[in-house]
Amino acid sequence: MIRIDIARQLGAFRLAAAFEVQARGATVVFGASGAGKSCLLAAIAGLVKPDSGQIEIAGETLFDSARAIDVAAEARRVGFVFQEARLFPHMSVRANLEYGSKRRKEHKAAVRFDDVVALLGIAGLMERRPRTLSGGEKQRVAIGRALLSNPRLLLLDEPLASLDDPRKAEILPFLERLRDEIGIPMLYVTHSMDEVARIADHLVLLDQGKVVAAGSPGELSGRLDLPLLIDRPDVGAILLGQVAAQDEARGVTRVAVGATEFLLSHIDLPPTHPVRLRVLARDVAIATQRPEGLSVQNVLSCRLTALVDRPNGRCLLQLDLGGASLLALLTADSARRLHLQAGQDVFALVKSVASSALV
Amino acid sequence: MNDDSRFLTLTPEEWTAVALSLEVALKSILFSLPIAILVGWLLGRRRFFGKSVVDAFVHLPFVLPPVVTGYVLLLLFGVKGPVGSLLNDWFGFRFAFTTAGATLATAVMTFPLMVRAIRLSAGAVDRGLEDAARTLGAGPLDRFFSITLPLMIPGIAAAAMTAFAAALGEFGAVITFAASIPGETQTLPLAIYGALQVPGGEETAARLSIVSFILALTALFASERIAHRTHVLQG
Chain V
1236 MIRIDIARQL GAFRLAAAFE VQARGATVVF GASGAGKSCL LAAIAGLVKP DSGQIEIAGE
1296 TLFDSARAID VAAEARRVGF VFQEARLFPH MSVRANLEYG SKRRKEHKAA VRFDDVVALL
1356 GIAGLMERRP RTLSGGEKQR VAIGRALLSN PRLLLLDEPL ASLDDPRKAE ILPFLERLRD
1416 EIGIPMLYVT HSMDEVARIA DHLVLLDQGK VVAAGSPGEL SGRLDLPLLI DRPDVGAILL
1476 GQVAAQDEAR GVTRVAVGAT EFLLSHIDLP PTHPVRLRVL ARDVAIATQR PEGLSVQNVL
1536 SCRLTALVDR PNGRCLLQLD LGGASLLALL TADSARRLHL QAGQDVFALV KSVASSALV
Chain C
171 MNDDSRFLTL TPEEWTAVAL SLEVALKSIL FSLPIAILVG WLLGRRRFFG KSVVDAFVHL
231 PFVLPPVVTG YVLLLLFGVK GPVGSLLNDW FGFRFAFTTA GATLATAVMT FPLMVRAIRL
291 SAGAVDRGLE DAARTLGAGP LDRFFSITLP LMIPGIAAAA MTAFAAALGE FGAVITFAAS
351 IPGETQTLPL AIYGALQVPG GEETAARLSI VSFILALTAL FASERIAHRT HVLQG
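These protein sequence lines are chains V and C, in that order. Add 1235 to the 1-based position in the first sequence for this note's numbering, that's all there is to it. Add 170 to the 1-based position in the second sequence for this note's numbering, that's all there is to it.
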């Protein structure tokens, strides 16, 4: 387990974050700018000292104000990937990668140099200087450098925030492989819902220095009471499903989610392979009777479990797919016209689904 | 040999002054550089009690008349001074009126110049890189030698070369503390001054002035080159 319970006062801002997550997979800490995310990571890494509290990773206490324990950052074995890669400019890529591993020789490496280099696709950069690398390459080298320092926990502080969209798209698959192929737990900070959807096994919501909710991304993204998630234009549900069948004739893949099935454009994965889906609330329409003659492929039978009014004459609906929640954003006028009420059986018309594969 | 070439040829005595100047300048830089790096780093990066006092003390030779600095050195390191007498009693070592004394006076005079430049380069090192090194397992000394110091090198090199150029011209403190003894403490500026004090010394003064000019320019150019090259190397 990773147990964090820390407080730190920074002028008028107070970080008072407490949460517990499994020490495996990827935990994403999500929050707006200024929510205290970076400060939280810096405290876990030992770069910033909390005023009080405890930090414990896999049974070892790294910080405990009550017992006056404060393990030095260099002894914590907590890897850190910063927003701006922070590669050492006077060293080659290889020397950057080896900087941490040389200093932690006594610990048996969890990952091999060649494996990390292959995973991140940086084999061709070894003798280059950081200044000659692109932003995406820099960030990959920074991730490799942190991985090779033998960390028991990898902290990533908005590693994609300083990159443009094509570079983000270039790095995200590496982060997914990192999560799935290397057994080092990750604590990943971001304010991007896309990254949450693709990376998070666990989700921690941080707002104004406090943890407002923690749980699975599927559970939290289906809730209507979390302003951090629903006060966004890209409000939507994250669904965890698995490949049910390939329909070669139609060129589509059936993905089982809860008690229902989604039809997706063909994804090249074997049956039972886990798949993450993200369905934006604005891409979901509602019908009270099964509609006929539609181009929309996904018409799902579900139960309307709750609805809340939203600003600008909108109404947000929570739909139960039998074990998974979907959100739909309608105009309040439509909701009134259809006499929508909680408990009612309806059909959800899903216009678009984003998917990403999980290993 | 015609008159022109004779004018451009240094006499053995003049060569001695040139060589001694280079020796004194080089030794004074080598001697004070490690201390200047430490003090520059302390002033550029650390907060500590009495920092402004240390800062002012370091800069004293910069603002005091050089003759005063030389006089203070004489009081401290002279054969009867508190430090000088101990050195003389224990090791038989004398600063006053020796090449070592000229070197000490030069080192003290150029010290503030070096500290100022090194302090700037220490302050310019990205602390984020040091934090990154910490998370990768590097302790304080390790961080200093693997990250901070290498990144300060352009500033240190430029500081050393500028100080070297200035060291070649130290006059007041050297003549006060070490006197003007040919082959021992009579560096270029002292030799020039000496030549101007005797009738018919103008030629020597002019030749040595040209040498001074060339040496100073060379050192300054070298300092620019080093700063540029190391900047390129370090991206």
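Since the hints were derived computationally from the structure, they do not count as laboratory data. From the three backbone atoms N, C-alpha and C, an ideal C-beta is built for every residue, glycine too. Do not take every clue at face value.
Stated by the list, open to error - Residues from chain V that face chain C, not an exhaustive set, calculated with beta carbons under 10 Å: (1) 1313; (2) 1334; (3) 1348; (4) 1496.
Now the hints, each set against the structure:
For residue 1313 of chain V, the interface hint holds, the least distance from its beta-carbon to any beta-carbon of chain C being 6 Å, beneath 10 Å. Taken as an interface hint, residue 1334 of chain V checks out: its beta carbon lies about 5 Å from the nearest beta carbon of chain C, inside 10 Å. For the restraint placing residue 1348 of chain V at the interface with chain C, the shortest Cβ-Cβ distance is roughly 15 Å, beyond the 10 Å limit, so the hint is violated. Hint status for residue 1496 of chain V: violated, given a least beta-carbon distance of 45 Å to chain C, over 10 Å.
When the structure is compared with the earlier hints, violations turn up for hints 3 and 4 and for no others.
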